[in-house]
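Colleague: Line order of the protein sequences matches chains D and Y.
Under the working numbering, residues 1 to 183 are what the first sequence spells out, in order.
Under the working numbering, residues 1 to 355 are what the second sequence spells out, in order.
Heads up, none of these hints are tricks.
Chain D regions said to be covered by chain Y (calculated; three or more residues, Cβ under 8 Å):
no. : region
1   : 23–36
2   : 63–74
3   : 82–95
4   : 116–127
As a list, the in silico BS3-like pairs of lysine-lysine whose alpha-carbon atoms are at most 27 Å apart:
no. : chain 1 : residue 1 : chain 2 : residue 2
5   : Y       : 306       : Y       : 282
6   : Y       : 325       : Y       : 349
7   : Y       : 250       : Y       : 306
8   : D       : 58        : Y       : 175
9   : D       : 101       : D       : 68
10  : Y       : 254       : Y       : 349
11  : Y       : 263       : Y       : 282
12  : Y       : 282       : Y       : 254
13  : D       : 119       : Y       : 316
14  : D       : 58        : D       : 37
15  : Y       : 316       : Y       : 306
16  : Y       : 63        : D       : 68
17  : Y       : 263       : D       : 154
18  : D       : 58        : D       : 101
19  : D       : 58        : Y       : 89
A short list of chain D residues far from chain Y (calculated; beta carbon distances all over 10 Å):
no. : residue
20  : 10
21  : 13
22  : 41
23  : 46
24  : 147
25  : 156
26  : 159
27  : 170
28  : 177
Everything labelled a hint here was simulated from the structure, so no lab data went into it.
Every residue gets a Cβ at the ideal spot worked out from N, C-alpha and C, and that includes glycine.
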Amino acid sequence: MSNKHLFLPSGFIRTPLQNGLGRYIPQLQRITLKFCKNHGGSRGVRDFIETDLMEFAKTNPGTVVYLKPRRHRYPCMVAEYLNGEREYLSCHEFSRAEIQKWLSYMCTRSGIPVMRFRKYNHTDYPSIQGVWNPFTHQAPEINVAQFPHEILSKPVDNGPTATDQLIEIFKKTQIKDPVKPEH
Amino acid sequence: MAALWKTCHQCLRYGLSHKSFYPSVSAINVISKRNFKPRWVAPTLREIKRRKDVEDDRNGGPKIFHRSTFLEWNYDAEIFAFSNRLGEKFNEATLRTALTHKSYVERETARLSDIGVDSYLQIQNNEELAVAGGALISKFTNGYLRAVFTRVPEELIMAMHDFLTSTSNLEIVGKHIGLGDLMLCSDFPCESETYVKSLKAVVAALAESSGEERARIFVQDLVVTQLYGLDINELWNPADPVGNLTDILKREGKAEPEFRLIKHSGQNSVLAVYYVGVYSDKNFIAEGAGESLEIAKEMAAREALKQLFHTEDSMKALPFGRQLKNIQSKIVQLENQPNLPLSKWISEKVTSAVH
Chain D
1 MSNKHLFLPS GFIRTPLQNG LGRYIPQLQR ITLKFCKNHG GSRGVRDFIE
51 TDLMEFAKTN PGTVVYLKPR RHRYPCMVAE YLNGEREYLS CHEFSRAEIQ
101 KWLSYMCTRS GIPVMRFRKY NHTDYPSIQG VWNPFTHQAP EINVAQFPHE
151 ILSKPVDNGP TATDQLIEIF KKTQIKDPVK PEH
Chain Y
1 MAALWKTCHQ CLRYGLSHKS FYPSVSAINV ISKRNFKPRW VAPTLREIKR
51 RKDVEDDRNG GPKIFHRSTF LEWNYDAEIF AFSNRLGEKF NEATLRTALT
101 HKSYVERETA RLSDIGVDSY LQIQNNEELA VAGGALISKF TNGYLRAVFT
151 RVPEELIMAM HDFLTSTSNL EIVGKHIGLG DLMLCSDFPC ESETYVKSLK
201 AVVAALAESS GEERARIFVQ DLVVTQLYGL DINELWNPAD PVGNLTDILK
251 REGKAEPEFR LIKHSGQNSV LAVYYVGVYS DKNFIAEGAG ESLEIAKEMA
301 AREALKQLFH TEDSMKALPF GRQLKNIQSK IVQLENQPNL PLSKWISEKV
351 TSAVH
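If we strip away everything but chain D, and leave its shape as in the complex, we get:
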């Protein structure tokens, strides 16, 4: 059994700087692709750089892309977000398509660390009904009621007594005479 969930931070869904309320700002500010020019593990990254990188840079002008060749090391990508978070992903033996998928994942994230949501919906808005007090949502009929009242003066949890229950059970056991049809 995995205990990973014990270390997963939990929280509510949120967005940095109310992003999207006024305008949408892509949160990925820069991404660094580190790769080796010779090794097979970096093959996918090299393919991606040769074929798709220009397209990626054109469609995401708000993101700075850095390429960092380094000899005989595993390839990886490091994404840096506007909220100061940094995400590292090892791309060892990733194919070109996989690199594309992970890049689009990094681009569309907000940078807030992955967490378990305590609820799937959340509002920052304060209460619209005000602070609760015992008279909130009280039925208005109580304003004109005369006390002592037949119903309102009784205790709320006034159930049948043991005697009442016994009488009820006794009544149920009685066999009724069939009604004779009249002719």
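Given chain D's structure and the hints, the job is docking chain Y onto it.
Modeller: Coordinates of chain Y only, in the frame set by chain D:
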């Protein structure tokens, strides 16, 4: 030390690439042990961590480096991405000036004179832009607030304006548009004042490059949206709500507010609650609850004021972004036209919001 380094390297190599010491066994029931590490690995790593902690303690926290000291750093590309990210067109020279602080210019001049180069640096700093930008942010914020909260007295407008243009709020905005790495300043980690100054200068640079209209939308989208999710009644704390309500009713030619106890429960206990209504000329205005009669009375008066100013708890959500398109001209008009102050406030003189 060299020996330790060697051990570290071995250790890391083991941690990363070592799979198993044992030859693979073909028996079905044997599950091979993955990530097997020799016994010396954990104590060595622990010792390295201990030494690192001691070093950090001595230096007061781990060492941090400015992003520009990294190998992968291209300031031109960063500037290009900054304007594209925000979706704004900046005049590049103005934007660079907006991001250059006086402290940076001074430090660079000192550095040059230290190495014997006495040349006057042709770098402009953002002092003037920051002053201009501060005035712009203040003006745009006021315009928005006055257009949206038409019935609110100027005191509450000023309270909201002060919150939005406060150092803490502008610092958050500055940080979240990525100014932290782009600012050229001598203080690192940067102070809040530096962030605020840069943000103000960026707004002024935008007004200079793309016109005041774009700068207004920029402020509305990034600064004013920080009002979302706040209880605006908590930003302004009237000292005497009962007195304020009495004055307003008097000015409107109505009778003095009359406070009547409607319901109460749990007196002489810690959970007492009093429910008080406000009436004027036998007409019901508002109701409020509190743990003592005095507090309940004040709460009722506050509720009455909220209803007059249309800032109830259940008020409509504030308009942002595209929703402001139709009232943009009104916002411009109201930038220099204050709302009624509380001392002159009458409900006939104020109009309801149009949004």
